[in-house]
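Engineer: Using the working numbering, the first residue of the sequence shown is number 2, and each one after it goes up by one.
BS3-like mimics (lysine-lysine), calculated; alpha carbons at most 30 Å apart, straight line:
(1) 250 to 217
(2) 70 to 170
(3) 257 to 222
(4) 170 to 34
(5) 257 to 219
(6) 147 to 90
(7) 98 to 70
(8) 170 to 98
(9) 250 to 98
(10) 222 to 162
(11) 34 to 90
(12) 31 to 170
(13) 34 to 147
(14) 147 to 31
(15) 250 to 222
(16) 250 to 147
(17) 31 to 90
(18) 90 to 222
(19) 250 to 90
(20) 31 to 98
(21) 90 to 69
(22) 98 to 28
(23) 219 to 250
(24) 69 to 98
(25) 69 to 170
(26) 98 to 222
(27) 147 to 162
(28) 72 to 170
(29) 257 to 217
(30) 147 to 98
(31) 250 to 162
(32) 152 to 257
(33) 31 to 72
(34) 90 to 170
(35) 98 to 72
(36) 162 to 152
Calculated from the structure, these hints are not laboratory results.
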Amino acid sequence: MQRVIYYVIVIVSVLGIVSCKPGIPRKYLKSDKMADIMYDYHIAEGIQNVQATGDTVTMRAYLAYILKKHKVSQADFDSSLVYYTRHTKLLEDVYDKVAERLNNESAIYGGSQLNFGEDVSNSDTTNVWQLSPTMILSPYSAFNRKTFEVKADTSYHEGDKIMLDFDTKFIYQDGVRDGSAVLAVTYSNDSVEVVSNSLMSSTHYHLQINNTGRLKIKNIKGFWLHNNTQNQDLTSKTTLKMLLITNIKLIRMRTKPAESSDNSEYAEGSKTNSLKRKGKDSLVIKKPAKPLLLKQTK
Numbered sequence: 002m003q004r005v006i007y008y009v010i011v012i013v014s015v016l017g018i019v020s021c022k023p024g025i026p027r028k029y030l031k032s033d034k035m036a037d038i039m040y041d042y043h044i045a046e047g048i049q050n051v052q053a054t055g056d057t058v059t060m061r062a063y064l065a066y067i068l069k070k071h072k073v074s075q076a077d078f079d080s081s082l083v084y085y086t087r088h089t090k091l092l093e094d095v096y097d098k099v100a101e102r103l104n105n106e107s108a109i110y111g112g113s114q115l116n117f118g119e120d121v122s123n124s125d126t127t128n129v130w131q132l133s134p135t136m137i138l139s140p141y142s143a144f145n146r147k148t149f150e151v152k153a154d155t156s157y158h159e160g161d162k163i164m165l166d167f168d169t170k171f172i173y174q175d176g177v178r179d180g181s182a183v184l185a186v187t188y189s190n191d192s193v194e195v196v197s198n199s200l201m202s203s204t205h206y207h208l209q210i211n212n213t214g215r216l217k218i219k220n221i222k223g224f225w226l227h228n229n230t231q232n233q234d235l236t237s238k239t240t241l242k243m244l245l246i247t248n249i250k251l252i253r254m255r256t257k258p259a260e261s262s263d264n265s266e267y268a269e270g271s272k273t274n275s276l277k278r279k280g281k282d283s284l285v286i287k288k289p290a291k292p293l294l295l296k297q298t299k
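With the sequences and hints as input, model every part of the structure.
Structural biologist: Spelled out as structure tokens, the structure:
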């Protein structure tokens, strides 16, 4: 009986410790509320890009309306943002919730479909991207970089072309928008081909490695970096700064090799043979007739 009582006391103590685990203080916004506000910021940024006005006053009006919609003051949001940036795991949870909503939005509007023009209809293309099609980066060191690696398997062929396509959206209250993307392909002979692009606006980006040497691919690597170290003294360190990377596609495109010299030789042979054929339309050259010799009479 005493043993049973002992186990009950231990279980109750453990449950008490778990229930007393510190959470987010009440004076700060909960993660769901923060995710809702950040998502609406994303929508407002998209509206401004469509209108292409570049009016910061209009954007500030959007942001003020968003906070009013969620019944949150600017001061409460700013203090909560500072709290989350100091607790990286909590900030990661907020970003995951925003990314999940963006993924659902992309699926509804067909964002996962491939669209690369006429090249697709003439080639074998595959989207080899296996991670989430949406990522969120902040300028803070814990969340300012996302890397990926794809190892080639037997489905890869010599001469495969690799393309990285994605859309970016900067959600900034102030500061300089600055990011970069890098795509690298390692071939079977351990040579590496690299392309990169600076990210400075909310738009579509396309990185491509043509593999002109028609080598076998060993692996594909790359990363995105959200760099906001420039002019940090001129901007607030507590304002919202996010880089959304959406509609990510890593395309492997199988290309056809150039026509070999055998085909050209075949064409030349066909041309020569056609001159030897005789038909109604053939040109037949006859030998010239011998000159007519006239005998002189004595």
